[in-house]
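Undergrad: The chain contents come next:
Protein chains: 2
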Amino acid sequence: MGQFGGIESGGTKFICTIGSGPDQISAEERIPTTTPDETIRKVIHFFEPYAAANDLTAVGIASFGPLDLDHNSDTYGFITSTPKSGWQNTDLCGLIRRGLNVPVALDTDVNAAAYGEYYWHKEKRFLDPLLYMTVGTGIGVGVILNGKPLHGLIHPEAGHISLPHNWQQDPFPGVCPYHHDCLEGLASGYAMSERWGQKPETLPDDHPAWILEAEYISLGLLNLFYAFSPTQIVMGGGVLQHPGLIQSVRTKFKEINNQYVRSSMLLEKIDEYIHLPILGNRSGVLGAMAMAIKCVEPG
Amino acid sequence: MGQFGGIESGGTKFICTIGSGPDQISAEERIPTTTPDETIRKVIHFFEPYAAANDLTAVGIASFGPLDLDHNSDTYGFITSTPKSGWQNTDLCGLIRRGLNVPVALDTDVNAAAYGEYYWHKEKRFLDPLLYMTVGTGIGVGVILNGKPLHGLIHPEAGHISLPHNWQQDPFPGVCPYHHDCLEGLASGYAMSERWGQKPETLPDDHPAWILEAEYISLGLLNLFYAFSPTQIVMGGGVLQHPGLIQSVRTKFKEINNQYVRSSMLLEKIDEYIHLPILGNRSGVLGAMAMAIKCVEPG
Chain X
3 MGQFGGIESG
13 GTKFICTIGS
23 GPDQISAEER
33 IPTTTPDETI
43 RKVIHFFEPY
53 AAANDLTAVG
63 IASFGPLDLD
73 HNSDTYGFIT
83 STPKSGWQNT
93 DLCGLIRRGL
103 NVPVALDTDV
113 NAAAYGEYYW
123 HKEKRFLDPL
133 LYMTVGTGIG
143 VGVILNGKPL
153 HGLIHPEAGH
163 ISLPHNWQQD
173 PFPGVCPYHH
183 DCLEGLASGY
193 AMSERWGQKP
203 ETLPDDHPAW
213 ILEAEYISLG
223 LLNLFYAFSP
233 TQIVMGGGVL
243 QHPGLIQSVR
253 TKFKEINNQY
263 VRSSMLLEKI
273 DEYIHLPILG
283 NRSGVLGAMA
293 MAIKCVEPG
Chain R
3 MGQFGGIESG
13 GTKFICTIGS
23 GPDQISAEER
33 IPTTTPDETI
43 RKVIHFFEPY
53 AAANDLTAVG
63 IASFGPLDLD
73 HNSDTYGFIT
83 STPKSGWQNT
93 DLCGLIRRGL
103 NVPVALDTDV
113 NAAAYGEYYW
123 HKEKRFLDPL
133 LYMTVGTGIG
143 VGVILNGKPL
153 HGLIHPEAGH
163 ISLPHNWQQD
173 PFPGVCPYHH
183 DCLEGLASGY
193 AMSERWGQKP
203 ETLPDDHPAW
213 ILEAEYISLG
223 LLNLFYAFSP
233 TQIVMGGGVL
243 QHPGLIQSVR
253 TKFKEINNQY
263 VRSSMLLEKI
273 DEYIHLPILG
283 NRSGVLGAMA
293 MAIKCVEPG
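Chains X and R, in that order, are what the protein sequence lines are. Residue 105 in my numbering sits at position 103 of the first sequence, with consecutive numbering throughout. Residue 147 in my numbering sits at position 145 of the second sequence, with consecutive numbering throughout.
The hints are simulated quantities; they were obtained by calculation from the structure and are not laboratory data. Misleading hints may appear alongside valid ones.
Since the list can't tell identical chains apart, any single copy or any two copies may satisfy a pair.
Lysine-lysine pairs mimicking DSS-like chemistry, simulated, CA-CA at most 30 Å apart [to be verified]:
(1) Lys256 / Lys86
(2) Lys256 / Lys201
(3) Lys150 / Lys124
From just these sequences and the hints, can you work out the full model?
TA: Written as C-alpha cells, this is what we have:
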C-alpha cells in the first residue's frame, strides 16, 4: 500500500500533500493558481515521482466550485460555471487521474474540510451528522451524514441561506450578487470589509462589527442546527480566528434557541459542541487525503 | 409473513391501519386521543386479533413529539416534554410493543410522512435526499437521507428556522413562544388565524394573506434547499391545500433563488420538483407502515 495524495484547490493556490495521515506527511507544496494548464501540470509534476515508484495509491481533491459531482454526468469532475477566469469547464478530476493513473476522489472544499474533521477525529461515532461552517472571504458549509459528505441535487449551498437582517443597526444592504443580504451577503469577510471600509483582521476587538458578526453567524448556524440536528459543529475560516468571536457565537446561539431544543450539548457543553477545527487550517487538504484513502477501501 | 401495522399518533386522534401497502389495507380505525391509558388500550385492542392470529409482523408509529429516539437512552420510545396534557413521559413504543409482542418502529410524524413519500414512490433512487414540509396548525420538516429518516443530536426542528420578517407589510409579531417570528411563528396555520382573525380555510383566494404566506414558505423552503440540496420537495399539510398556494410558492422560490442554483429541476421542472404528497393526507400512516416493513428486513 503506497501513500495518499491530498490537494486543496483554491482560487489563489493549490496545496499538494502526500503522506498517510496528519502526522505522517512526506512532502507538501504550494502551487500558485494561474491557468488550468500550468497549474495542473505542476500538480502532476509534484506527485509524479511517487506514482512512478508505485508509492501513490490514490489522490483526493478539495476544490473550489461549482463542481459537477454527478457520477452519471458526462462532465463529472469538472469545475463548471466558476467566476474564476479561465477555469470554467475544467476537467480537474480527469486531468489529474489521467496524468497520474491513480483513482481520484473529488468534493467541494467545504465538504472535504468537514470530512477531514470527521475522519481524523478519534471518536468518529459521535460526530455524525457533523456540520462544518467556514467564514472567510465567503461562507461555506459542508455536512457529513452517515459517514459521507452530503450531496443531493447538487451540493449544499448553505452559505446563502436567508436570515433576519438587523436593519435598525445595520443599514448595509449586503454583498451577495444573487441574494444581497443572505448569510454570506451579510457576514462573510468580504461583506465585513465592504461594510466597515477595512478588512476584518484590522477591526479592533471593541468594534461593533464583532457583535453584529456574532449575531448573523449564530442566526445562520441555528437555522442549520434546526435543519440537520448535528452532533458536532466545527467553525473554520479566517474570520473565526478573531479572538472571542466563537465565544460570542456560542452565547448568541444559546440565546436565540431560547431553550427550545434542550440538549445537554447546548445547555451544558456548548464549548465542546461548537468548536474550532481540530486540524486548524488543514481540514481541507487532510480531508482530501482522507477521501483518497476512503475511495480505495473495499465496499 | 403477516401484515404490518401503521399508527399515526396525533394530538386529536390515533389512526390505526393494518395491511401491506397503500392499496392493500385490511382494516383501519380512528381512535380519539384521550388519556394515554385509554388511547393505547384501544390501539392494542385494534391490532390484537391480528397479533393473536400471527398475522401482525411489526408495527410502525408516526407520532407527535418531542420523542426520545436515542436507542441508547433509558427512555427510548417515550413521548417526552410535550405540551399535550397527560402525555408527558409516555412510553408509547414500549406499551405497544409489550401489548402486542411484535417489533415496533417509531419516528416523528414528519419523518414518517417523508419516509412514506420515499418508500411508496415507484422510482425510489431519484428521491434521496427527500425533503418533506408540512404546513398545518404547525410547520414540520422531515428528511430522508441515504434511505433513512434523518436523526442526529435529536431530530430536525426545521419548522423553527428564522427568515427575513417582512415588517413593512406584516407588523404581526409571530406566534412562536420560543422565537416569535420564526417560520412556524409567521407562516403556520395558527399564525395565519391569529394574524387575520380568521381560519386560513375561510380566507378568500384574493386575500393578501396568501401572497405573504407564499413568501414566507418559499423563504423557508429555499433555506432548506440550500442546506440539503434535496432531489425532491414534498409539501403536505392543510394550508397547502389552498388552491394556487403551491404554485405561488414555486414561483416565489425561483424568484428568490434568482438563478443562483441552476438546476434543470428548478429552471424547467419545478412543478415536478416541488409537489403535493403522492399519498395525499396518508403519508404519515403509510410511512409508519413502511417503517414497520423496514424494521424487520434483514440488514
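Undergrad: Flag every earlier hint the structure violates by its number, smallest first.
TA: Per hint list: zero violations.
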